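Chemist: As a plain string of letters, each chain reads:
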Amino acid sequence: DAGVTQSPTHLIKTRGQQVTLRCSPISGHKSVSWYQQVLGQGPQFIFQYYEKEERGRGNFPDRFSARQFPNYSSELNVNALLLGDSALYLCASSSQGLNTEAFFGQGTRLTVV
Amino acid sequence: SQQGEEDPQALSIQEGENATMNCSYKTSINNLQWYRQNSGRGLVHLILIRSNEREKHSGRLRVTLDTSKKSSSLLITASRAADTASYFCATDRWGTGNQFYFGTGTSLTVIP
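Listed in order, the protein sequences are those of chains S and X.
So in this note's numbering, spot 18 of the first sequence is number 18, and the numbers just go up one at a time.
Take any residue in the second sequence, note its place counting from 1, add 1000, and you have its number in this note's numbering.
What the hints contain is simulated information worked out from the structure, not anything from laboratory work.
Everything numeric in this text was worked out from a predicted model, so none of it was measured.
All clues given are correct.
Below, in silico cross-link-like pairs of lysine-lysine (DSBU-like), each with a Cα-Cα straight-line distance of 30 Å or less:
no.	chain 1	residue 1	chain 2	residue 2
1	X	Lys-1056	S	Lys-30
2	X	Lys-1026	S	Lys-30
3	X	Lys-1070	X	Lys-1026
Could you put the whole structure together from the sequences, leaning on the hints where they help?
Modeler: The structure is reproduced here in structure tokens:
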């Protein structure tokens, strides 16, 4: 079985641009979460989606948005990019319910110049 | 601030020694999970311990959880150079379901 896949692996954007990151969860997993990891820090929770509905949102500005599709894949969109948005963006998938392992993809390294 | 805090921030040991790292958190949880990260790549899931469990083992890993102290520890026995990585604990807030909060991690270096 394929693990969590994210695309692209690396991305360079200019300040003010918009970016879309993609995530395909493990087959059978209906929950997808997004995290931002700035260099030297732990991942920070951005969004969780379950069954195509937003179930939680972290402390991020409205420039960040996400959605989940009927096949449970997900996109994270960031508008009006700032230099501070440069980070590793991680996607995690898990099966339904509490107390289930969450598995992460390899991440998308976003550099804003 | 982030939910969890790992201690120590950095740890350097000789191959074959045991490595212990600790995690403290602030609110009630459903479970706590430990992850490994190599050189800024993705997180590798190591072990999940539920709030009603006190200890769990997986291979060379031993995890304990003390909910009264809101703390957990990860013990890696007989360490190998390949264990060199950053280690994070992740807690999910009670009732939220898989919305994880991470600390700043422990950077482990195993010297061959």
